[in-house]
Amino acid sequence: MTLAVQFTDVSRVFGDVKAVDRVSIDIQDGEFFSMLGPSGSGKTTCLRLIAGFEQPSAGSIRIHGAEAVGLAPYQRDVNTVFQDYALFPHMNVRDNVAYGLKVKGVGKSERLARADEALGMVALAGYGERKPAQLSGGQRQRVALARALVNRPRVLLLDEPLGALDLKLREQMQSELKKLQRQLGITFIFVTHDQTEALSMSDRVAVFNKGRIEQVDTPRNLYMKPATPFVAEFVGTSNVLRGELAQRLTGSATPFSIRPEHIRLGDGQASGDDVVVNGLLHDVQYQGAATRFEVQLENGQNLAISQANTQWQQSAPAFQPGQQVTARWAREAMVALHDVEAR
Amino acid sequence: MTALASSALPPASNGPLHRLANLLYRKPNLYLAMLLVPPLLWFGAIYLGSLLGLLWQGLYTFDDFTMAVTPDLTWANLLALFQPANYDIILRTLGMAVAVSLASAALAFPIAYYMARYTTGKTKAFFYIAVMMPMWASYIVKAYAWTLLLAKGGVAQWFVEQLHLTPLLQLILSVPGVGGSTLSTSNLGRFLVFVYIWLPFMILPIQAALERLPPSLLQASADLGARPSQTFMQVILPLSVPGIAAGSIFTFSLTLGDFIVPQLVGPPGYFIGSMVYAQQGAIGNMPMAAAFTLVPIVLIAIYLSIVKRLGAFDAL
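Protein chains in written order, with our numbering: chain A, 1 to 343; chain B, 1 to 316.
Since the hints were made in silico from the structure, they are not lab data.
Cβ coordinates follow ideal geometry from the N, Cα and C atoms, glycine included.
Among the hints, a few may not be true.
[To be verified] Once the Cα atoms are required to be at most 30 Å apart in a straight line, the calculated DSS-like pairs of lysine-lysine come out as:
id, chain 1, residue 1, chain 2, residue 2
1, A, 178, A, 131
2, A, 131, A, 168
3, A, 131, B, 308
4, A, 102, A, 179
5, A, 18, B, 124
6, B, 152, B, 142
7, A, 178, A, 102
8, A, 108, A, 131
9, B, 308, A, 108
10, A, 178, A, 168
11, A, 178, A, 210
12, B, 122, A, 18
13, A, 225, A, 210
14, A, 225, A, 18
15, B, 308, A, 102
[As the list claims (entries may be wrong)] To give an idea of the interface, some chain A residues facing chain B are shown, with a C-beta separation under 10 Å as derived from the structure:
id, residue
16, 72
17, 74
18, 75
19, 82
20, 83
21, 91
[To be verified] From the structure, some residues in chain A lie toward chain B, with a derived Cβ separation under 8 Å:
id, residue
22, 51
23, 53
24, 73
25, 79
26, 80
27, 84
28, 86
29, 88
30, 90
31, 99
32, 100
33, 103
34, 104
35, 147
36, 151
With the rest of the complex left out, here is chain A (with noise of 0.2 Å):
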C-alpha cells in the first residue's frame, strides 16, 4: 500500500513557539485519517503543512511520494475544506463549486456538469443559482465539500469542517462523510477536538498533544489501550491512578488507566482476583442511559465510576452519596501508562 502523505521529523516553529514538534506520520493512501487534540495542539498546523499553507521549519513531508516541501499550495493535488467554509461571496454556487476547474483552463460546459455532479453528490443538485449568503450552514458546508472534491484531489482536508453545525446536522454529517469517503476511496485527513467524532468517523486517529502526536492507532485501540496518560483522558474520561496508589494495587509506580464503565460498585463484599478499593461515596448523577458516580478515595483522590441503566423499571436508586463503598475491577481492565517522552 502506497503511503499518501508521509511526514519525517517535521517542525514547525511560530517565534518562541513550537506549533509542531518533530512529528513523523504515515498516511496511508484511501484511509479516513483523523487529528485529534486540544486547540493549540498543532493538528491544525499539521494540516495546513500538508495543504501548503505553512512551510515547515524542519523535516520532509511527502504527499504520494513526491517532496511537497517548498511547493505552494496551487501546485499540490490536495483540497481543503475549510473550518469557515471561505466560499467566494460573489460567485454562486456552482461557479463557486467549479472554481477549481476553471483555474485549471476546463471548459465551460464539462466545467458546469462536473460542477453539478459534484452538487448531487452532496444532494444540493438545484441549488447552483444560488449565492452562499442564501443557503444554511449546514449546505454550506455542503458546498465547500463538493468545491473541494470537483477537483478529484487524492487528498482531501477537512479543518474542523463540522464545527460550525448544531448537534443532529453534525451527526448526520459525519455518517454521509464517512459514506463519501468509502465510495470515493479518497485519503481524508479530518482535524477535529471531538473525540466522538474521531471515534466514529476515522480509520485512524493521530493524538496530538503540545504539538506533539502522542498515540497513532485504530479508535478502538486508542479507547482500550490509551498509550499516555493524556491519551486516556483525553479520549473518553478515564480514571488515571499513579504514585503510591498505584504501587499498592499493581505492585508497580508505573501509572494506570482505569475506564469509569469498567469499576463496578459494590457494598462491601470482595472476592476473586479483583483489585478492591474502599472510598466515600460523595456523588450521584443521573444521566439518563448511564449514572455516574463519584468516589473519593481514602488517598484524597475521586474516582468516577459509570454503570449502564439497563434495567427498564423504575427502582430506587441503591447508593446515595455520603455512603461507604466498595469498588472493584477486573485486574486485566487496568491499562499501563506510559509519558510521552519516555516512548
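Since the structure of chain A is provided, determine the placement of chain B on it from the hints.
Then chain B, alone, in the frame of chain A:
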C-alpha cells in the same frame, strides 16, 4: 411575604426621570422616535429641503437686462445647459472627472493592497497617517503650492531637466487637449493636482474593502489550484470593486463640483464648479447656477446606476 417581595425588587421610585425611563423602556418605538426625529428633521428640512429649494430656483427666470430674478417658472435655464458653450463645460468637467477617477483607482489600489495585506501595528498606523496627513492641510494651500511646483522654472520642470527629459515633456505638452505652454497651464497639470488631492478618498475605501477580505478566501483560491494572478483577478479584484466604486464616487463627484483647482491650474475655461461660482457670485444669475448644480447630481445618478448594473454592489 410582602416584605420579602418588596425588598427583592429595586426600590420603587416616583421621580420624574425614573418615570420617563420606565415609559421609554416600555415603549421602545417612542424611544426610537425621540432619537430619530431631530436628525431626520435636520436631514429632511434643512439638507434635502434646501437642496430641492435650490434646484427649484433653476426654473426661475433671470432677466438679462435688469439682472433681476423673478419666480416665473421656465425651462430656459435647463435648456441653456445644452448650448455649445455650456455643454462644453459639462463635457470638459466630465472627462476630467473620469480621468481622475481612473488614475486615482490605479494609483490607490497597490497602496491600499499593501496597507491591508502586508502592514500591521505601527507600520499600518504610519500608512494611515501618511495617507490622511495631506487632508489635514488646507486644500487651498495645497492647490496654490501645486501652481508653484508646476510653474515655469518650478520644481517639476527642474526635475525634468535633471533627468534630461525636457524634449519628452515638450512632446507631451504639445499634444492637443492634454498639453499647454507649461505644466501649470496644461490639462495634464490640472489632472495631476486633482489626482494628488483626491487620492486619499480613493485609498481609504479600497483599503477598507480589502481589509474585510477573509484570508481563508485567498487560501481557498490557491488551494483549488489558482495561481496568484488568477486569485487576484477572480477573487481579490471582484471583492474590492465595492471599495473602488465608493472611492470613485468621491473622486468623481469632488472633481465635478470643484471650482478652485480649475481656476488655479490648467488652461482657461470653466468647469461646472467654477461656472456655478461665477454665475451666482459675479453675475448673480442664481437660476443658471442652480441649473448647473443639477448636472453633477444627474451625472452621479447615471454613474451609480451603471456601477450597480456592473454588479459592483453584489458582494456587499
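Check your understanding: What are the numbers of the hints the structure violates, in ascending order?
Key -> Hint check: nothing fails, all pass.
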